[in-house]
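Participant: For reference, the chains in residue letters:
There are 2 protein chains.
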Amino acid sequence: MTQLRVPGPTPCPPEVLKAMGWQMVNHRGPEFHELLTEVTENLKKVFQTKSDLLLLTGSGTGGLEAAVVNTMSPGDKVLSVSMGVFGDRWATIAKTFGADVVNLKVEWGKAADPDTVKKAINDNPAVKAVMVTHNETSTGVTNDMKAISKVVKDAGKLLIVDSISGMGSLPLAVDELGVDVAVSGSQKGWMVPPGMAMVSVSTAGWKARETAKMPNFYWDFVRAKKNYDEKKENPWTPAISIVYAFKVALQMMLKEGIDNIFERHARIGNLTREGIKKLGLPLFADPAHASNTVTSVGIPEGLDGKKFRQICREKYKVVLAGGQQTLDGKIFRIGHLGLINEKDVKEILSAIEKALPEAGFKK
Amino acid sequence: MTQLRVPGPTPCPPEVLKAMGWQMVNHRGPEFHELLTEVTENLKKVFQTKSDLLLLTGSGTGGLEAAVVNTMSPGDKVLSVSMGVFGDRWATIAKTFGADVVNLKVEWGKAADPDTVKKAINDNPAVKAVMVTHNETSTGVTNDMKAISKVVKDAGKLLIVDSISGMGSLPLAVDELGVDVAVSGSQKGWMVPPGMAMVSVSTAGWKARETAKMPNFYWDFVRAKKNYDEKKENPWTPAISIVYAFKVALQMMLKEGIDNIFERHARIGNLTREGIKKLGLPLFADPAHASNTVTSVGIPEGLDGKKFRQICREKYKVVLAGGQQTLDGKIFRIGHLGLINEKDVKEILSAIEKALPEAGFKK
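Each protein sequence line maps, in turn, to chains V and C. Following my numbering, the numbering of the first sequence begins with 1 at its first residue and continues without gaps. Following my numbering, the numbering of the second sequence begins with 1 at its first residue and continues without gaps.
These aren't lab readings, by the way, just hints derived from the structure by calculation. Accuracy of the hints is not assured; some may be wrong.
You can't tell identical chains apart in this list, so a pair holds if it fits in one copy or across any two.
List of simulated lysine-lysine pairs, PhoX-like, C-alpha gap at most 20 Å [stated by the list, open to error]: (1) K128 to K153; (2) K306 to K231; (3) K146 to K307; (4) K232 to K306; (5) K118 to K153; (6) K307 to K231; (7) K18 to K247; (8) K110 to K255; (9) K213 to K95; (10) K277 to K354; (11) K278 to K363.
Pulled out of the complex, with its shape left as it was, chain V reads as follows (with noise of 0.2 Å):
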């Protein structure tokens, strides 16, 4: 069988799938109420968090616009921790509603450093919010949160943060750090098919939602939370299937435990590094914030990047994922979030040790 381990979307386990085919029900009925309500209270065990949790029908780059257009206004100064395809793309977000950005642009492959975040929100006073990306999948990267939401809190800031690829794998308790607007997608470590972003929403969240003026409709958190709240609804009609999905990915998930979720990533990560290590190739991310969902690899003299990867999924059924922007034939990435154990990266690490000859490789 085909392993499919780019970084999102990532394989769904057969019982997800067996979900994804029922039948339709009136998302304005019974059957689908009881639905949203349990989906949307295991989220929140996943986000651990005790505020509202909206689910969106779009992709995670429609919850990163749904995430500025709720919070801000046009003229208001935003600070982008930018280290990343992903990172930028946000604060191109931001800047298209008129948002008034400062980036900082971290160095592709390294982490935020908290006190260069600090030094930039002191250099910045009239800076409203900080957008800060937890996991750069185009980089392999993860931040420290801890440090850097207290940085942000301590300046009594708003944390707006992209956990499209960490959430559900990585840990982000998002209370206990503060985190405003928390945004993760459904194809990543949950398990799921690509269809709908996850955002929570804290009191400062909604504080801030209050006086937002970047025009928004489809996205309104505040139509999201009053369906909600008063139905158990979305206020339009939602992917359903992507939410009999979540109902049983959520299920295992919550059986597994989440610390022995985070663990497995953690094993799996390093698993995958050493590996890597092993077979002679170099890894791309700073070892001191190497991401446990995706490994970028770089790409070494007389390796063909693009023959390699076609080697890897034609012939050894292992479908990886090539470098974005300026990091195209430099880097590959390997997904290793949601359904994943040892076993799968002994047969990822196998494959590619396999085809790096057969591309030009020598150790």
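Mind docking chain C on chain V? Use the hints.
Facilitator: Relative to chain V, chain C alone:
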């Protein structure tokens, strides 16, 4: 088996549900490129367009928002021709993003009169675009799109059509009629679960896009077209399972033939209305413009509408929709689009006939 007869989500055929359960693939890989190409080309056949057809992950309302923000600038004067809840919602979206909306409100239950639309355009020569609902789900009314299109195109205005619950079930030849942006949603006549909106964009639509200044990122038509044209991809991770479902559903639809599908819906619509009249219930929509995808039925004195629908659902396994907003308690609605045949209509009518006296109705 339960008959889900709300006007979307609609029941899915077993083949489509099976496709929903297919395992994930890389959305930036060759299998997906082939899949998205087939689905896009087949959607164009149903839309009857040779222009661009974009698949957006989101609900129909997301597609309506996309149509607005890609064609208008704040301050632009636009004419909203609304005949119900969804027309009003669309006008609100345009207003939210800064359009100067001229409201042409048609009495609920009636269709828009092409001459009145013409007069409204003449009275407001600065109008840049006209927003028209093809099939108003909340009232069960279908507009005469041939006549209205002619009026709008004769005046040289941009024509933007909400055909969420029409396209694929009712004829709307996009190129022939000169529709500049047409919006549909996966969960209607397409027999696919909710999660994607489909929009067609004409040459004049692209021309409008060039000068449109409403802020947008996630819904950006330019990014969607560029990613499709260059790579057969979506810019953001799409709802892959919905695209799987479309593959199967569109093959079924094209095998039946779109003219046959339109005829079947006309027959089913007629059969439903005749059956309702025989039961002694009043039809809400103007008979000259009654929709062939949804029938709205007046709730006569003595009938407890809520109890009636509950009995239909719990005892007779037929799920019907209520009225929305001011029509709450005044009508109920029968969805009859997508996967439906004459036998289904008989079952639905039989359930209604049995439930009526149990909910207080005396003929």
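Participant: Now, for every hint given, state plainly whether the structure supports it.
Facilitator: A quick look at each hint next to the structure:
Taking the shortest Cα distances, K128 and K153 sit within 20 Å of each other inside one copy (11 Å), while across copies they are farther apart (47 Å). When the C-alpha separation of K306 and K231 is checked against a cutoff of 20 Å, the pair qualifies only between copies, where the shortest distance is 16 Å, while the shortest distance within a copy is 50 Å. Proximity of K146 and K307 under a CA criterion of 20 Å is satisfied in neither setting, with 40 Å inside one chain copy and 53 Å between copies. With identical chains, the CA atoms of K232 and K306 are at most 20 Å apart between copies only, with a shortest distance of 18 Å across copies and 47 Å within one.
For the homomeric pair K118 and K153, the shortest alpha-carbon distance inside one copy (10 Å) is at most 20 Å, but the shortest distance between copies (57 Å) is not. When the C-alpha separation of K307 and K231 is checked against a cutoff of 20 Å, the pair qualifies only between copies, where the shortest distance is 18 Å, while the shortest distance within a copy is 53 Å. Within a single copy, K18 and K247 get their C-alpha atoms as close as 12 Å, and across copies as close as 18 Å, so both meet the 20 Å cut-off. With identical chains, the CA atoms of K110 and K255 are never at most 20 Å apart, being 34 Å at best within one copy and 54 Å at best between copies.
Taking the closest pair of Cα atoms, K213 and K95 come within 20 Å of each other both inside a single copy (14 Å) and across two copies (14 Å). For the homomeric pair K277 and K354, the shortest alpha-carbon distance inside one copy (15 Å) is at most 20 Å, but the shortest distance between copies (72 Å) is not. With identical chains, the CA atoms of K278 and K363 are at most 20 Å apart within one copy only, with a shortest distance of 10 Å there and 82 Å across copies.
Figure legend: structure checked against the earlier numbered hints; hints not met, in rising order: 3, 8.
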